[in-house]
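Participant: Each chain, letter by letter, is given below.
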Amino acid sequence: MMEFILMLSIFIITMILSLVIKNIKITSSINIIGSIINFIIALYLISLFKHKDSISYFNNLVYLDSLSVIQLFIITAVTLISSLYSYKYILNELNEEEISERRARIFYFLFNGFAMSMVLVGISNNVMGMWIGLEGTTLATTFLIGFNKNKLSLEAAWKYIVICSIGLGIGLIGIILFIYSAGLGTSEVNLNWTSLLYSYKSSNILYTKIAFTLIFVGIGTKVGFAPMHTWLSDGHSEAPSPVSAMMSGILLNLALYVIVRFYIILKHIPGLENLKFLFIVFALISLIVSSFSILKQTNYKRLLAFSSIENMGIISLGIGFGGYLGVFGAMLHSIVHAFGKTLLFLTAGNILAALKTKRINKVHKLIKTMPKNAILLVVAMLIIVGSPPFASFFSEFNILISGIQKGRYISVGIYTLCLILVFVGFLNIFIKMVFNNSEENECEKIEKDNENILPLVLSLVFVIFITVTFNNYFYTILNKAVSIIGI
Amino acid sequence: MLEILAAVILISAIIMAGLRRISLLVKGFSVQSLAIALLCFTFGYLTNESHYYLIGVLTLIAKVIMIPYIVNRSAKDLTINREMDPIINGCWSTLLIGISIAITYVILENFHSDFIKAGFVLMVVGALILVARKKAITQMIGFLTVENGLVLLEISMIKMTLIIEILIILEVLILSVIMAIMIFYINKTFNTVNTDYLSNLKE
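Residue numbers (my numbering), protein chains in the order written: chain A, -10 to 476; chain B, -3 to 199.
Bound conformation, chain B alone (with noise of 0.2 Å):
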C-alpha cells in the first residue's frame, strides 16, 4: 500500500512536469494531495494514532477539495486554459525531473523512508514548474507542489505537536488564497497573468 502510494506521488509529480493545461495540472495536483491524505491515513492506522487522521483530513479538505476549486475558478474567471510558450518546455521538464529524481535518489540514498525521498522530489518539481512557467497561475500551482513537499517531509521525518502541524497546513491555505486574490488583481490591472510583464521595477 505505502509503496504504491509513494509511486503514485511519485508518477504524478514526473506527469505535471510536463503539463501544459492548467485543468490537468490542478488535476494531478489533486491526485498527488489524495495520495498524500492516504498515505496520513494509512500511516494512521499502521501507528494507531489519531494525530496522523486528522493531517489526512485538513490535507483532504484543504488541497483536494478547496484548492482546487479556488484554482479552476480562478482559471476559468480569467479564461486562460494553458501555457502558451514555457521558459522550458515539456518534454525537457520531464527528462530534467527524471534526471534529478535520479540524482535525489543517490544523495539521499542513506535516508531509508521512501517518502523523504519523494518530498525532495515534490520540492524539485515544484520549484521547476515555479521557475520555467511564465503563467502565475501556473506559479501557484509549483508552488502548491512545494508545499505537497514539505507535508511529506513533516510527516515521515519528525513528529510535531498537533497545534502546529495544523497552523502550518492553514497557512498554506491562506497562502493560496491571498495568491489566488493577488493573480486576480494581477489580471485585472495587467489584463494578462503573464508574468513576463511583471517586469517595471528593475535597479
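Okay, chain A solo, but in the shape it has when bound (with noise of 0.2 Å):
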C-alpha cells in the first residue's frame, strides 16, 4: 500500500521541483533517482506475485494482477531507461541552444506527468480511471511532441491531439455503450474492472457488440492499428528521441493492455465468440500498411514508427490467433518490443544528435564514423525484426504456430509476408546507413560517439535478460498473465 502512495508522490515531487529547481543538471539528478526508486518499486512488486495471484489496495481502486504488473515493469524500466537518455539529451540541446532553460524544465515537468498517467492506467481498477490516464497522457504528450515548436512538430503535434482526443472520445461512448447494455438501468454502477468480470451480463448482445467495436476503434487510434494510424508515424518522428522511445515502447502497449481488459470481460459472454476477429482483422491492416510503408521511407525515425505500427500488428494478431502459444507469443513480444524499441530509438536519437539529419541517404558509414552506435543500431534491428538469438524470434514463431494450428492459414501467410517484407525493408534501409559508402571519403569519427551509450547498453540488458529467462524465471508471471487473458 505505502509503494504505491510513494510512487505516485516521487512523480509529483519530481514533476514539482523540476517547475522550482533552476539548476537542470539537479532536475536531471532528482528524475533519474525517482526513476530509479520507481523501478525498484516496480520489482519488488513483482517478487510479491511469485505466490499471489493479484492484489488490491485503497477499497479495490488500485488493483495489481501479473498482466498489470508486467505493464508496471514495462513503464518503469523504461522510463528508467528515458531518463537516464534525457539527462545527457537535454544538456547537449542547452549547449547548442536548440533550447531555452525554462523549456528543459518543462521538459522535465511533462515527462514525469506523462510516466504519472502511464502508471495510473497500469495501476487502476476502474475502467474509467484506465480512460482517465490514457487521456493524461495525451494531455502531457502534445506538448513533448510539439517540443522542438518548429513546423514539423508543431503539425505532429496538432494531428496527434486532435486524432487521438477524438478516438479517445470514441472509445468514451464505446464505455459508455457498454456499461448501459448491461441493462443495470440508471443505479449507480461499480465500475470496478474486478466486479464487472463476475457480474457483467449483456442485456442487448446487439449494443455490447458496437459498444466493443467502438472501444475497440476509439483506443485502438491511441495503439496506432492501421486506419488510425496516421498521426502515430508523425508524431513519434518528431518527438524528442527518450519520448519517442517512451511513447513507441510502453504507451502504445499500454493502450493495447487496456482493449485486452474489456475484452476478457467480454470474452466469455455467449454470443460474443467472434470478437477475436476484430484483433486479427485489424491486425492484418496494420501489417499490411505498416510494412509496405517501411519499404519506401526516407526518414529513420519515421520508418522507426511504422515498424511499432507492425509490431503492435503482430501483437494484437497473437492475440487474436489465440491459444496458448498465441497469447504468450503476444505478451512475451509487447515486452520484447518495448525494450527493443526503446533500444533503437535512442540509438536513432545519437543519431539525430551527431548528424542533425533524420534523412536515410544523408547517413552513410556509419560503422567507420560512429561505431558503438552503429553495432547497437544493428543488434537492435535484429530484435526487432525478430532474427534468432532473441526472444523477439520466439514470441514471432509462437505467433505463427498459433495461427497453423487454428487453421487460419491466410491470416498466417500475410503476417508471414509482412514479416519478410519488414525485414527486408530494414536490412535495405540499415545496411545503406551502416555500411555504404558516400562519394566523398571523409570517415572521422565522429566524438558524439561515445556519449550517450549507457541508457542503450541498459536497454540491451534487459532484452537479454527476457531472452535468457522468459523460459525459466519469467514464465511464472507470462504464465499468469496468459491464463488472465485466457486462451
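Just so you know, the hints here were simulated from the structure itself, not pulled from any lab data.
A hint or two may mislead.
Claimed, not checked - So, partial list: chain B residues that the calculated Cβ filter (under 8 Å) puts toward chain A:
id, residue
1, Asp73
2, Ala132
3, Val142
4, Glu150
5, Ile154
6, Leu163
7, Met178
The beta-carbon is built from N, C-alpha and C at its ideal position, and this holds for glycine as well.
Now that you have both chains on their own, put them together as the hints suggest.
Facilitator: Here's what the structure looks like:
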C-alpha cells in the first residue's frame, strides 16, 4: 500500500521540483533517482507475485494482477532508461541552444506527468480510471511532441491531439454503451474491472457488440492500428528521442492493454465469440500498411514509427489467434518490443544528435563514423525484426504456430509475407546507413559516439535478460498473465 | 422543460453546422452548453440528487464561461473572425446535418431518451465541423461540440461516481486550454491558423 503512495508522490514531487529548481542538472539527477526508486518498487511488486495471483489496495481502487504488473515493469524500466538518456540529451540541447532553460524544466515536468498517467492506467481497477489515464497521456505528450516548436513538430502535435482526443472520445462512448448495455438502468454502476468481470451480463448483445467495436476503434487509435495510425508516424518521428522511445515502447502497449481488459470481460459471454476477429482484421491491416510503408521510407525515425505499428499488429494478431502459444507470444513480444524499440529509438536519437539529419540517404558509413552506435543499431534492428538469438524470434514464431494450429492459413500467409517484407526493408535501409560509403571519402570518427551509450546498453541488457529468462524465471508471471487473458 | 432543452440543444447544433463567423460559433456553443447545464440542474431537481447539480455547475463554469472566453481571446489575438473557404459550405453542412439527424433518430429508435439521440447528433455535428473546416480554431469548437455530446450521453445513459465525472470534465477543460496554446504557437510559426498549411509531413 505504501509503495503506491511512494510511487505517485515521487512523480508529483519531481514534477513540482522540476518547475521550482533552476539548475537543470539537479532536476535531471532527481528525475533519474526518482525513476530508479520507482523501478525498485516495481521489482518488489513483481516479487510479491511469486505466491499471489492478485493484490488490491485502497478499497479495490488499485488492483494488480500479473498482467498489470508486467505493464508496470515495462513502464518503470523504460522510464528509467529514458530518464538516463534525457540527462545528456537535454544538456546537449541546452549547449547547442536549441531550447531554453525554461523549456528544459517543462520537459521534465511533462515527462513525469506522462509517466505518472501511464502508471495510473496500469494500476487502476476502474475502467473509467484507465480511460482518464489514457487521456492524461494525451495531455502530457502533446507538448512533448511539439517540443521543438518548429513547423513539423507543431503539425505533428496538432494532428496528434485532434486524432487521439477524438479517438478517445469514441472510446468513451464505447465504454458508456458497454455499461449501458449491461441493463443496469440508472442505478449507480460499480465500474471496477474486477466486479465487471464477475457480474457483467449483457442484456442486449447487439449493443455490447457495438460498444466493444467502438472501444476497439477508439482506443485502437491510441494503439496505432492501421486506418487510425496517421498520428503515430508523425508524432513518433517528431518527438524528442527519449519521448519517442517511451511512447513507442510503453504507451502503445498500454492502450492495447486497456482493450484487452475489456476483451477479457466480454470473451465468455455467449454470442460474442467472434470478437477475436476484430483483433485479427485490424492486425492484418496494420501489418500490410506498415510493411509496405517501411519499404519506401526516407526518414529513419518515421521508419521506426511504422515498425511500431507493425509490432502492435503482431501482438494483437497473437491475441486474435488465441491458443496458449498465441497469447504467450503476444505477451512476450510486447515486452521484448518495448525494450528493443527503446534501444532503436535511442540509438536513432544519438545518430540524429550527431548528424543533425533524419534522412536515410544523408547517413553513411556509420560503422566508421560512429562504431558503437552502429553496432547497437544493428543489434536493435535484429531484435525488432525478430532474428533467432533474441526472444522476439520465439514470440513471433509462437504466434505463427498458433495461427497454423487454429487453421487460419490466409492470415498466417499475410503475416509471414509482412514479416519478410519488414525484414527486407529494414536490412536494405540499415545496410545503407551502416556500411554504404558516400561519394566523398571522409570517414572521421565523430566524438559524440561515446556520449550517450549507457542507457542503450541498459536496454540491451533488459532484452538479453528477457531472452534468457522468459523460459524459466520470467515464465511463471508470463504464464499467469496468459491465463488471465485466457486462451 | 426537458423537451425545450433538448430542442435548444438540437437547434443550436443545426445552426452551428452552418455558421462561418467564429464569434457566432462560440455563442452557439455557449448556448448549447448552457442548455446542458440547465438540463443537469433539471435532472438534479427531478431526481433530488446533488450529483447532477455539481456536473451542472462544472459545465457552467468550464463550458459557458471559461472555454468561450479562451476561444474569444485567442480569436481576437489572432485577428481571425471567420472561416474563409470551408471544405463543405454552410448550406450543404446544414442539409447534411438535417439528414444525419433523421438517420440518427431512426437508428436509435430503441433508446427512449431524447438526450441520448441529441448526444449522438451533437457528436455528428462536432465531427462535421471538425472535418469540414480548415481553421484550427473552428476545428477546436468542433471538438468541444463532440465533448458536449459526450457529456449528454454520460448523464443520460449511465451513472458514475462523482470523482470520475469531475475528472472527465476537468480533462476536457485542460485539453481545450492546450489546444488554445497550440493554436497560438501554430499561428506564431506558420503565420496562419489554416490547417491547409499543416501538410509537410507525408509518407
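Participant: Going through the numbered hints above, which ones does this structure break? Give me the numbers in ascending order.
Facilitator: Violated: hint 1 alone.
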